[in-house]
Amino acid sequence: MAKSTSSLVVAIIYLMMFSLVEENMGCEVDYGSCKDIGNCEVMCMVKFGSAATGYCVGGNETGRCYCDFPGPCIG
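So the sequence shown is residues -23 to -1, 1 to 52, counted in mature numbering (1 follows the signal peptide of the UniProt record, and there is no 0).
It is worth saying that the hints were derived from the structure and are not from the lab. Keep in mind that the hints are not guaranteed to be accurate.
[What the hints assert, rightly or not] What follows is a set of in silico ranges between Cβ atoms, one per label pair, in the way DEER data are often shown:
(1) Ile(-12) <-> Val34: 33 to 43 Å
(2) Gly35 <-> Cys4: 14 to 24 Å
(3) Ser(-17) <-> Tyr8: 44 to 54 Å
(4) Gly15 <-> Asp45: 31 to 41 Å
(5) Asp7 <-> Ser(-18): 37 to 47 Å
(6) Ser(-18) <-> Asn37: 50 to 60 Å
Every value quoted in this text rests on a predicted model; they were computed, and no experiment measured them. Virtual Cβ for every residue (Gly too), placed ideally from N, Cα, C.
Please put together the full structure from these sequences, using the hints given.
Here you go:
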């Protein structure tokens, strides 16, 4: 009985650990057209701080501006 109980406890601890880690791994936000925003890197740093990184996916004319930053997602 003790062995099956400890196995259950270990399984529950692992599930809780993984659910908490996913929550704190950071966030990626799509801010719109690279053409409209201009410099994605600067915009992301102003909005989310110096730890944020911004990049344009798909080219400056037709691409999208994305920001990655540590912490939970906002809104």
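Report task. Would you pick out the hints that fail for this structure and give their numbers low to high? Result -> Result: hint 4 breaks, nothing else.
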